[in-house]
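Residue strings, one per chain:
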Amino acid sequence: MFQLRTQAPEYKPDPYGKVEVAGPSDYPYRLNFYDDPPTHMVTLEEFESCAIDRLRVLGEIEACFARNRPPDERKAIVRAQCRKYLPLDPNDSLSRAQFEQRKKDHVGHFVLRLAFCRSEELRRRFIKAELELFRVRYEEELDSELESFLKTRSFGLELVDDAEKMKYAELLKDANPKNYVSFSKKVPPKDLAKERFYKVRWTRVPDLVEHRKVLVKGGWAYVPASEQSSIVFNELEAHLKTSLEATAKALPRLDEDTRIVPLLDHLSKGFLAGVPAEWDAEHSGEDIRADMIDDIARKHYPACARNLHENLRRDRHLKHFGRLQYGLFLKGLGLSIEEALLFWRRSFSKFTDDQFNKSYKYNIRHSYGLEGGRRNYPPKSCQQILTQDQPGAGDNHGCPFRHFSTDNLESALLAWYSPHGLTQDDLDEVTKIVKAGHYHVACTRVFELTHAAQGVKKGEGVSGDSVSHPNQYAAKSRELEKTHTESVKMDVDGSGVTMAL
Amino acid sequence: MAMQDFDHTAPEVILSFYRHLYPFKSVFKWLNHEHTPSRLFTHREIAFSLRGDIYIRYNSFLNADEFKNQTLKYNPERFEIGPVYSARPRDKKTVRPAMFTPQLRELVFDIDMTDYDSIRTCCSGASVCKRCWAFISAAVRVLDAALRDQFGYRHLLWVYSGRRGIHCWVSDDEAMELTDEQRRAVAQYLTVVQGGKEMHKKVNVRPPGRQSGRPWPLPPAVRDALDILTEVFVDLILHDQNLFERDEQWEELLKLIPDPDIAGSLRRAWNMDENLPSEEKWSQIKGKTKDLEKGSPERDTMMAALEDIVLQYTYPRIDAEVSKHRNHLLKAPFCVHPKTGRVCVPVDPTHIDDFDPENVPTVSQLMQELEAGKLQESGEEQGDWERTSLKPYIDMFEAHIINIMNEVRIAKRATDTSW
Ligand SMILES: [Zn+2]
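Chains as they are written, first to last, in our numbering: chain L, 1 to 501; chain C, 1 to 419.
Worth flagging that the hints you see were computed from the coordinates, not collected in a lab. Check each hint, because a few of them may be wrong.
[Stated by the list, open to error] Going by beta-carbon spacing under 10 Å, a handful of chain C positions derived as facing chain L:
1. Tyr-116
2. Asp-172
3. Glu-174
4. Thr-179
5. Tyr-189
6. Val-193
7. Ser-212
8. Gly-213
9. Ala-320
[As the list claims (entries may be wrong)] Simulated DEER-style distance windows between Cβ atoms:
10. Asp-247/C / Gly-156/L: 26 to 32 Å
11. Arg-154/C / Asp-92/L: 32 to 38 Å
12. Phe-155/L / Arg-413/C: 27 to 33 Å
13. Arg-131/C / His-211/L: 34 to 40 Å
14. Glu-245/C / Gly-459/L: 46 to 52 Å
15. Thr-352/L / Arg-131/C: 31 to 37 Å
16. Arg-413/C / Gly-156/L: 23 to 29 Å
17. Asp-295/L / Tyr-55/C: 36 to 42 Å
[Unchecked claim] Below are the BS3-like pairs computed for lysine-lysine, each with C-alpha atoms no more than 30 Å apart in a straight line:
18. Lys-213/L / Lys-391/C
19. Lys-199/L / Lys-324/C
20. Lys-173/L / Lys-201/C
21. Lys-178/L / Lys-391/C
22. Lys-432/L / Lys-197/C
23. Lys-435/L / Lys-201/C
Remember, it's a predicted structure, so these values are computed and weren't measured experimentally. A virtual CB, placed ideally from N, CA and C, is assigned to each residue, including glycine.
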């Protein structure tokens, strides 16, 4: 039996190595909401291979997120992975492989549910990757097939009638003004009178509400047909969340099958090990002491860390998120917990020992995983700094390229980086990139400009990549300094030898 | 006869306040939504803050009596309310972590005066007066309207935080059930002023780009607020605070003017006239805007900038982190603020403009009232808030609770008869 939704799964592998499953057996569409578990006979080998192939795709999706690839690049990668490991031919294809392909998709999904339901963290990551996979496939689907697929499921959508639509006409337009203006002769503007709107509780489209892309009235969101996909994705997400939690609760009974449990363990470990998403402080080598920080800040910090450092020096204090961002950065730099406590104690010089121990020590120890949940928090990546915990009116954390006004950014960059070769003339180029919204590219350009003396050329970035982590920036800068001084030393020694000859 | 002086930091004063005045029954009903204890109360985390920064988390109680007895036993400086968990918080150590997750929680908001420090002139830091309270009043009016009209919520409780801020608790069923993701969505939707210290223009809510040289309109949600806030801007920022009198403040204002010619000529004029009042400065900006050709992109750009300026100086500045997570703890209503001694009383949002934080009863005052009442009634100890100035606040709280409980009763009756 393979009933995962409401009951504990009961596996009865038969003596010939087959897992018996029962239920409906056809797949009219490529897309699948994965409502019902598979119902076919599956061999243990199939069970494993379906899962592993799907895992390759999901692993690649996670890697894309971790490396902060732009959406288009990500889509292209996911599509390529799908063609290789999880192809799904459309209904009109002559290949006749549809049934086997769709069964593999179906079985793989359900096997991985078993492997990934066992912790909150695994469930979250699995759902995120699965949703991206579904989204890429959804956007690729032919209109005709998509429409009939969506009809298979009632989303409880209420159509907004004409009277109501006209009553809110101006507001509906203002919620999505770009839809009702023509940007080119080829694309005519939408006609509000003809456009369909669905009325759903706002809780079903939190992403649209968050970005104010829908009109919200009395708890109802008025969703234009063009944003319907948001309802579908949110529905799938909610469905996966509840299903995985139900599976997790039912799972202990699986322990009885000794062949499946090690397999599931293996699968989930593979997923976790796959991606180096976080900066690893272990690699930074030599010991850093608290009294070296000022020097390192001047020479090697990216703008975000430099800004926090300068503010800390000036105010002798940082607000919560600033402390968090900077504290984790210092950890990534290689500052031990003892040195970190020393650094923060000296920096917060206007506080008494007592105040410091009471209000700040715990948090610093916590960020090193020594308190509370004992979780070792990784330093924040550019992606996190740019998108999480947006700075409020009096905050210093965040990314200067994104969170400073142009004039303040320019004067800050000049103050910090002109000793390293940044000039007034370079600023135009940098701010232009900022205005286009490519904050990490602007940061990368500053890195190149300020390390030109050490041979870094335009377009070369940080070892070929653009900046994606402040610690990567600082580590590369320090590495360049080291190799540069060594090679200068060698030159001097070399010339000494020549002279002696 | 001399009145006894009560020190609000003295543990025995607080203990006496809990024993005689704190409305445990009402708070129980408010959290529980009905008279018989349900999971809404028995699985709810209460965290005690004891003197000396000792924090006791994951307490939970079977009923109002136990709630009161335990509070008297610990005599905390204050206590906070957390979410309803899938198991009783006090059993946390004995259940599997997967079985102990936050499930329900009021949707909460926190507005604090510190977020307005850069735009108030009357006070700074921890102090707050009736004048700068107007920032909080404006925030309450805007948020209260948004939560009711846009989100359709009805059971909102506004509570003074005891010093310089205000909290809001939304108890509607749908609000209780929101996931963290949904809470984040509401919080972001209601966050309009953004960007750090170094960002001049902190309001960027229009769709990016332009339409034939003009900015896009404000989203409907924000436009609703603008009607309230334009008036607040004139009364509070221009008249009362006279914010743009000082150089650094009007310099900040001019940085928000997109037309460099206008900004330049105003800067020259204002530099010459040191004492030009804010109101006059603002009307000069408006005058320059009106001088531009009607219907021109330049004029529309300026108009949009003026709207954004009003929002930047008056739109509510909520502490979004508090709202985003179900398991965030928030100080319970009717606790005593340890620094001011004032009680965290409910506030009527329809009369928010009349609210004066300095008139909120302090625990010392209440204890004196209680003492006086006791003497009159020949020493009969009857621990009763009815005889103190806490009464109107508890009456307001009770009226709010009755609305919540009525709804639960109607819903229950509907399910009882549905088969
Ligand atoms: Zn004031």
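Q) Looking back at the hints listed earlier, which ones does the structure fail to meet? A) Those not satisfied are hints 8, 10, 11, 18, 21.
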